[in-house]
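Asker: Chains as they are written, first to last, in this note's numbering: chain E, 1 to 358; chain Y, 1 to 162; chain Z, 1 to 373.
Check before you lean on any hint, since a few could be wrong.
[Stated by the list, open to error] Here are a few chain E residues that sit away from chain Z, every Cβ distance over 12 Å (derived from the structure):
(1) Phe-19
(2) Phe-27
(3) Met-58
(4) Ile-80
(5) Leu-82
(6) Ser-139
(7) Ile-213
(8) Gly-229
(9) Trp-319
(10) Ile-326
(11) Leu-332
[Said to hold, decoys possible] Stretch-level coverage of chain Y by chain E, calculated; a stretch enters the list once three of its residues show a Cβ under 8 Å from a Cβ in chain E:
(12) 23 to 30
(13) 128 to 142
These are computed hints drawn from the structure, not numbers from a lab. Cβ atoms here follow ideal geometry from the backbone N, Cα and C, with glycine treated the same way.
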Amino acid sequence: MYNSSSLIASLTSWLEGTFSPLWAGVFSMVLLGIGILVFYSVLGLYLVYAERKICARMQNRIGPNRVGPMGLLQTVADLIKLLLKELIYIRNADAFLFNVAPFIVIVASIMAIGAIPFGKGLHALDLNIGVLYILAISSMGVIGILVAGWASNNKFSVIGAMRSGAQVISYELSVGLALLCIITYAGSMQLSEIIASQQDGWWIFKGHLPALIAFVIYLIAGTAETNRGPFDLAEAESELTAGFHTEYSGIRFAFFFLAEYMNMFIIASLATTLFLGGWLPFHLFAWEGFNTVMDFIPPVVWFFGKTAFVIYLMMWFKWTFPRLRIDQLLTLEWKYLLPINLMNLLLIAFLTLMKWHF
Amino acid sequence: MALLKDIGTYFEEIYRGVVSLLKGMRVTGGYFLRPGAVVTQQYPENRAELKMFDNFKGELILTHDENNQHSCNACNSCARKCPNGSIEIVSTRVQGEDGRSKRVLVTHTYNLGMCTFCGLCVQACEQHALEFGQEFEHAVFDKSNLTKVLNKPGSTSKATEE
Amino acid sequence: MEEAVIDIDLKEREEYIINMGPQHPSTHGVLRLETCLQGEKVKYIIPHCGYIHRGIEKISEKLTYPQLLHLTDRMDYLSAHINNEAVALCVEKAMEVEVSDRVKYIRTILAELNRIASHQLWWSAFGMDLGALTTFFYGMRDREKIMDIFEETTGSRLIQSFITPGGLMCDIHPNFQKRVKEFIKYFRTKLPEYDDLLTGNVIFHERTKGIGVLSKEDAINYAVTGPSGRASGFHCDIRKIEPYSAYPLVKFNEITFTEGDTYHRYLVRMEEMRESMSIIEQLIDNIPEGAIMLELKAIKAPKGDFYQRAETARGELGVFIVSDGGPSPARIKYRSPNFSNLFVLNKLAAGHKIADLMAISGSLDLVIPDIDR
Numbered sequence: 001m002y003n004s005s006s007l008i009a010s011l012t013s014w015l016e017g018t019f020s021p022l023w024a025g026v027f028s029m030v031l032l033g034i035g036i037l038v039f040y041s042v043l044g045l046y047l048v049y050a051e052r053k054i055c056a057r058m059q060n061r062i063g064p065n066r067v068g069p070m071g072l073l074q075t076v077a078d079l080i081k082l083l084l085k086e087l088i089y090i091r092n093a094d095a096f097l098f099n100v101a102p103f104i105v106i107v108a109s110i111m112a113i114g115a116i117p118f119g120k121g122l123h124a125l126d127l128n129i130g131v132l133y134i135l136a137i138s139s140m141g142v143i144g145i146l147v148a149g150w151a152s153n154n155k156f157s158v159i160g161a162m163r164s165g166a167q168v169i170s171y172e173l174s175v176g177l178a179l180l181c182i183i184t185y186a187g188s189m190q191l192s193e194i195i196a197s198q199q200d201g202w203w204i205f206k207g208h209l210p211a212l213i214a215f216v217i218y219l220i221a222g223t224a225e226t227n228r229g230p231f232d233l234a235e236a237e238s239e240l241t242a243g244f245h246t247e248y249s250g251i252r253f254a255f256f257f258l259a260e261y262m263n264m265f266i267i268a269s270l271a272t273t274l275f276l277g278g279w280l281p282f283h284l285f286a287w288e289g290f291n292t293v294m295d296f297i298p299p300v301v302w303f304f305g306k307t308a309f310v311i312y313l314m315m316w317f318k319w320t321f322p323r324l325r326i327d328q329l330l331t332l333e334w335k336y337l338l339p340i341n342l343m344n345l346l347l348i349a350f351l352t353l354m355k356w357h358f
Numbered sequence: 001m002a003l004l005k006d007i008g009t010y011f012e013e014i015y016r017g018v019v020s021l022l023k024g025m026r027v028t029g030g031y032f033l034r035p036g037a038v039v040t041q042q043y044p045e046n047r048a049e050l051k052m053f054d055n056f057k058g059e060l061i062l063t064h065d066e067n068n069q070h071s072c073n074a075c076n077s078c079a080r081k082c083p084n085g086s087i088e089i090v091s092t093r094v095q096g097e098d099g100r101s102k103r104v105l106v107t108h109t110y111n112l113g114m115c116t117f118c119g120l121c122v123q124a125c126e127q128h129a130l131e132f133g134q135e136f137e138h139a140v141f142d143k144s145n146l147t148k149v150l151n152k153p154g155s156t157s158k159a160t161e162e
Numbered sequence: 001m002e003e004a005v006i007d008i009d010l011k012e013r014e015e016y017i018i019n020m021g022p023q024h025p026s027t028h029g030v031l032r033l034e035t036c037l038q039g040e041k042v043k044y045i046i047p048h049c050g051y052i053h054r055g056i057e058k059i060s061e062k063l064t065y066p067q068l069l070h071l072t073d074r075m076d077y078l079s080a081h082i083n084n085e086a087v088a089l090c091v092e093k094a095m096e097v098e099v100s101d102r103v104k105y106i107r108t109i110l111a112e113l114n115r116i117a118s119h120q121l122w123w124s125a126f127g128m129d130l131g132a133l134t135t136f137f138y139g140m141r142d143r144e145k146i147m148d149i150f151e152e153t154t155g156s157r158l159i160q161s162f163i164t165p166g167g168l169m170c171d172i173h174p175n176f177q178k179r180v181k182e183f184i185k186y187f188r189t190k191l192p193e194y195d196d197l198l199t200g201n202v203i204f205h206e207r208t209k210g211i212g213v214l215s216k217e218d219a220i221n222y223a224v225t226g227p228s229g230r231a232s233g234f235h236c237d238i239r240k241i242e243p244y245s246a247y248p249l250v251k252f253n254e255i256t257f258t259e260g261d262t263y264h265r266y267l268v269r270m271e272e273m274r275e276s277m278s279i280i281e282q283l284i285d286n287i288p289e290g291a292i293m294l295e296l297k298a299i300k301a302p303k304g305d306f307y308q309r310a311e312t313a314r315g316e317l318g319v320f321i322v323s324d325g326g327p328s329p330a331r332i333k334y335r336s337p338n339f340s341n342l343f344v345l346n347k348l349a350a351g352h353k354i355a356d357l358m359a360i361s362g363s364l365d366l367v368i369p370d371i372d373r
């Protein structure tokens with residue numbers, strides 16, 4: 001019903017009509033860049049606000065409610081504070097690497113946002129290897145963490161960075177394999193094709209039990225990927241060290257912090273696209289009335305609603321469970337998640353061959 | 001076979017672990033869905049409804065009645081009982097009507113910064129002149145404002161000493 | 001690991017030493033733990049205490065017995081009533097007077113409420129150390145009810161100075177019994193939630209089972225009393241060995257286990273909260289009438305040495321008074337439970353990882369001002 005691809009097409013044709021092809025290309029890229037950057041920062045700010053409110057409600061408190069109506073400007077105030085802080089330079093640290101590390105982390109995360117489908121046609125990059133591209137780009141974030149820990153010239157940061165690096169690299173396996181399950185079902189890595197294959201039902205329902213197991217494993221591995229929740233040993237405040245970002249202050253710390261929340265958003269939106277149907281509305285069997293009502297809600301709202309649900313699940317984990325120790329974390333991955341994942345993949349491959357899914 | 005038993009324990013452990021995690025999530029999720037369970041009191045806005053308990057040890061005060069009279073007779077018991085010298089009594093002697101001199105209170109100084117709220121002074125006062133008040137907002141910018149004179153200006157004493 | 005006569009020369013030999021310094025979010029108070037690490041494992045720990053030494057014992061030599069009570073609250077401030085009770089009982093033993101039954105009942109009820117409050121705060125901080133940040137708020141929310149009970153009767157929440165030699169400072173408030181019964185009913189519904197959230201959790205089991213095992217011989221040798229000692233099988237509950245106040249009149253169990261690891265130290269405290277509630281239930285309806293304060297001419301201990309023990313929330317507190325007949329003690333010495341519990345940390349944590357050090361020191365439940373006095 002809503003078709004954003006026609007909107008995008010008309011915008012592109014207006015640009016090409018008004019300027020020469022070269023300038024039209026440049027302008028469209030600049031517009032896209034500005035759009036993504038603004039979206040990224042604003043969403044990051046409000047994810048932090050959402051986390052503070054959700055965790056407050058779980059702890060019988062109110063959360064921020066004084067700065068701005070209902071506390072909505074609280075993170076803006078925090079951002080201004082971080083911008084005004086002194087940037088501390090360390091004497092014997094590798095200056096170039098020290099400065100470049102936050103940028104690596106942020107750039108990896110922004111590039112991944114570009115490939116996510118927010119609605120029909122609202123898609124910056126529709127590659128035919130969409131899922132692989134996103135996974136590859138998020139892996140670049142690990143380099144930023146390791147460089148940050150090394151360049152700080154601080155034995156605590158190195159310990160934290162090594163732990164974090166080991167954790168992220170191990171859990172990437174599980175993330176990739178869990179996504180591979182749905183790719184097997186759908187038959188393509190292109191994100192728009194995967195969504196198209198869910199027209200008659202979301203994969204989490206069509207794929208019954210194996211898809212559910214893959215979803216749970218993906219959630220666990222995804223939280224571990226972003227150093228969040230029960231897997232945040234590398235940056236925990238009540239442990240011995242503050243992790244790889246100990247020596248960063250001001251806006252550089254803000255970059256790490258923002259990148260962590262936006263990585264959470266990327267993991268959640270991948271889960272939404274592959275398991276929960278992306279921007280498709282919720283259709284129940286063939287009830288025409290119900291389906292038409294569902295169709296009235298714009299696809300963008302569906303997408304953000306489902307992503308918000310997955311983000312809520314991730315926040316729920318963080319505020320309920322104690323932390324895992326580093327060796328228990330790695331045991332969980334290598335001895336539990338990976339074998340189950342492989343068996344699940346085998347099962348799904350068999351089911352797809354036999355077409356024993358809905 | 002031992003292998004089957006091991007596989008059985010492997011899956012049983014996973015099942016038990018997941019169930020225990022879900023139970024924990026039910027507790028926090030339950031509180032999330034109940035906004036009535038919020039216990040925060042929004043402090044500066046709720047000053048009107050805020051009432052302390054009767055016995056609350058806010059700060060030490062000399063009770064004055066409507067005629068601006070207090071009951072202190074400057075016997076110095078409270079200053080002697082205080083473990084760290086937070087009370088200082090300054091008194092003079094005046095000639096009474098019957099020719100005998102009686103002691104009269106000039107200033108009853110109380111250092112709020114040093115007081116440990118042990119209550120020995122209140123217990124020691126035989127005239128029941130001292131009591132603990134209900135005021136709890138004591139923050140000041142200048143430390144000398146913590147030394148308070150407890151008898152209000154222009155007040156007289158109900159008690160006399162022979 | 002060989003018994004540590006810790007050689008100071010070792011420090012010169014290039015070892016990886018870090019300070020969990022006096023300012024740290026997890027050591028509950030100002031305590032410096034000099035930790036020697038080998039990779040991720042702890043080799044040995046040298047605790048440095050004394051950052052909050054205030055000279056309580058020396059100051060007490062110039063104060064009379066009722067006056068020095070306001071300092072004893074501030075030693076182990078989470079069991080303030082029990083500290084006061086120990087000193088009051090010692091002075092009463094010296095003067096050979098006995099307080100009325102009403103006073104005994106009220107002292108015991110206040111002490112048990114204090115024990116529950118202390119264990120609630122311990123639970124909050126322990127969960128927070130392990131990473132479950134919500135436990136902090138749940139424990140504190142429930143502890144506020146006990147603080148309200150204290151505030152209504154005694155006037156202050158944490159440091160009350162309420163129990164003195166000869167009786168109590170003033171009588172309980174008329175609402176006291178009602179509030180205590182309401183609290184017990186409320187808290188019994190919350191303890192299963194605590195169990196759901198932390199005790200049964202598989203991650204919690206992984207973090208605490210088998211960590212920091214203290215054997216019974218070591219517990220006796222290092223004089224680790226209180227719940228930490230009882231989890232190793234050391235029967236050290238003073239309320240059973242030398243009952244005082246109203247304890248001879250109530251029936252309760254002494255909770256002991258034999259495994260002595262972090263998980264069982266946790267379980268001992270959770271069960272103790274339930275036992276305390278049952279003790280209070282046995283006493284709250286039957287408080288006899290009587291005098292609140294004995295009519296004593298002067299509070300002076302006769303010449304001699306007197307010793308009294310009490311069971312605080314953390315272990316055995318001993319009060320030793322050397323008196324020369326005057327209104328002030330010539331020397332007062334406190335045997336504090338946290339001082340003995342601290343020095344077993346080296347033995348427990350050696351060989352474990354840094355993350356376990358947090359769990360172990362949290363389960364020993366140390367309050368640093370009690371170590372330094």
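Asker: Let me make sure I understand: some of the numbered hints might not hold for this structure. Which ones are they, in numerical order?
Answerer: 3, 8, 9, 10, 11 and 13
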